[in-house]
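Chains as they are written, first to last, in this note's numbering: chain A, 80 to 361; chain B, 265 to 462.
One should not assume that every hint holds.
Partial list, computed: chain A residues near chain B (C-beta under 7 Å) [to be verified]:
id, residue
1, N122
2, A290
3, S308
Hints are computed from structural coordinates only; laboratory data are not their basis.
Note that beta-carbon positions come from the ideal geometry of N, C-alpha and C, so glycine has one too.
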Amino acid sequence: MILRPSLPGISGLLLALTLVLGGCAGPRAPGPQEASAAPENFNDPYENTNRAVFRFNQNVTDHVLIPVAKTYKNVVPPPIRQNLHDFLQNLNGPVIFANDLLQGQVHLAGNTMARFLFNTTIGMGGLIDVATRLGIPYHDNDFGVTLAVWGVPDGPYIVIPVLGPSNPRDITGMVADGFADPANIAAGDRLYIPIARSVAQGTDALSRNYASLEDLEKTSLDYYATIRSIYRQRREAQIQHQGTNLPNPDIFSGGGGGGDESLPAIQYTMPETPKPPEAPPK
Amino acid sequence: MMRRSLLVGAFLSLVALVAAPPAARAQDAASFINNLGVQAIQVLGPSVPQATRLARFRELFSDDFDLRGISQFVLGPYWRSANPQQQQEFLRLFHEYISETYATRLAQYAGEPFRVTGTRQENGDTVVTSQIIRRGGSPVQVDWHLTGGPGSWRITDAYVAGVSMRVTQRDEFLSIISRNGGRLDGLLAMLRQRVAAR
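Just chain B, same shape as in the assembly (with noise of 0.2 Å):
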């Protein structure tokens, strides 16, 4: 008897274990959002090593943005004219080099409470509005731009303070291929010795 209650025990949380995450996730835009900003500044801050607040970008990143998307449009014409190893090696160094990118940019950020702000619609996507207060500064406005829906929220872009992240990083990149005669190779070759270096 206590066995089998035991047993049956085990089976309902493991239950609840599994479905714990999607109805987590069954969420609207706004608490989406929220969540990601808590989870964010949980690694942000000195007290945290690189390497952990690394670990946990690297996984904020796969898991809640639109890696394949963003990746295509910061490489615009270049994306369709790379060959399908160009677009494989390009993935793995984007998401590598946006995770140190932003570890190191949004490292000092520790501490500063982050809020939603509202929500609305957009040509189709969904904005989440977020300020992030800054100490002895005037308060930061982040605006995410979401794509999918509840249980499948994908981050596309952030404007922060009305520049958006993936149009500064698109004219970045391409700045780098003209300046290579055109050719991805160039760039590739960059993030290849980017990511090395850490």
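The following block holds chain A by itself, in its conformation from the complex (with noise of 0.2 Å):
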């Protein structure tokens, strides 16, 4: 449930799946603030079928995913885990780049442009990310933030095998940001490199993230609804922060969640924050 694909050979799936689901996406959906206003509007039409998923997803986490991640996590020594990471992160970056500008967001197109070249070039390959040093930080964006920028709606949850959380709009864009991918386009037929870099991409952000997973989960009473909040609050708030000067939140996301984003201790303001309902409804 962690893994942040960029592999076209599920993507004729997804991108299947996407349409079917697309298209009976509805009107468009409030964000999760206002979507918590009305309790029992989780906007989760396929809710049994997404809990089934889920508990599959549960089981392959707990028993494959989880142990894979700390026995990488205990095998690998630290610094070879961070130059794999920061490598990973910065095959990212030409689609981030993209996404940046599509979004309009130039100077973040910028940053973007600059750590790609830095990291690439005096990085190593990407194995140093020496852009943050020289205070760039890393920040994340894919095609379904975009699709929300250009005010296209979510669409109902829905939980993928393996993958786990998502919808429609997001499905779409990792559809989209894995073809784009250049990396994904040089490696070509060979569809074990995409495929191999998910699963480094899924395993680096487990192994930094499953002490805060498991937890979560012990403590849950509804682990899925938990989970359901919490993706739709996460990519709510990545899509508002787009464009100001806030870190954008990767807690779970396998993007982000780099030793590198050094963010000065800064006083902002956030423009038109969401804030949750005060009042509850009848």
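Fit the two chains together into the complex; they arrive one by one in their own frames, and the hints show the way.
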């Protein structure tokens, strides 16, 4: 449920799924804060199916993904894990750059471009995140966020096997990003390359976050509902935070969980912060 | 003479003891949160027994959080439809449940620096922004929403990396209630069981 895939291999399947489900996405769904105002409206019409897939994913996570991530963490020394993390993160550069531009965030695009150039050259192909040390921190971006910025509604909540929480908008974004990614294009027919990359990204992310996830699961009374809420709020925050100097929230995403964001302690103002409604509806 | 000055000394220190806490609490929002962070961090980490951590979190939640307001928020419409006994029981169970939950979820943050980065006003609330610097990880942004004023600050919500803790809690509780046919009793039973299990 952590994997941030970029593989065209399963993209066809996902695209079909997106078209089917996107077709019944319905009217613009409210943001997560608004959605919470209407208690029984979780915009989750496929909840029973989603819960079944979620249970399956939990088994896969508990019995396969977390053991693999733990082994990786125990066996591979920290500097090498950091190098791999930085390398994978640098590989995302071109797609992030494209989405920065598509959202009209020229300044962010400049940052992404500079990061990619510095890290790919001085940083030895991306193994070392020199850009962060030079004061250009990483930020995540993807086509799901771009679609949201363009006003596309998210559609119903969908739990994808192995990959986890999503919705038609984010599935579309994921597929588009996967096809547009230069590294995937360069890999051509060698599908094992993007697959290995996705597995590596997922393992990297999980090796950093599995303890938090396990605690979250252990303390939740309805883990499915908790994850659904967090996923929606996090995506909404990512959408809101684009173009501000706020860090992207990345507690569960593979993209940004790096040891490389040295954000200055600044006082900032956030335009139109989403705020949960005070008064409960009747 | 000696005895008298001893008495005076004792009296003075008693006065100091009584007077000190309100004086210490009459502080701005940023130092309030900074203080809370300092106190919480002291009981985090594997060297502190879970029971000690839990006891401290119980105190922190009752002293520094607007527990009643949060309880009403997370139950949404079901707070008003609950009878007084149910409300009382929910308040008690919820206090225990979130103390356990956060004592567990935050336990691993031991020794990771916490710093207040600023204060802003938002819809009448005071918001204190802070960061937890994770070892080998990116900083986690935590925004504290406060009500009250110097001497009476109470936390109403915390946004962790853009995710509201009370909205998350509310979505979870309302999901449980709606899956129990809209009955609050289903949630109360789950909370009772969870709290008793520890």
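Right, here's what the structure says about each hint:
{"no.": "1", "hint": "N122", "result": "11 Å, violated"}
{"no.": "2", "hint": "A290", "result": "5 Å, holds"}
{"no.": "3", "hint": "S308", "result": "4 Å, holds"}
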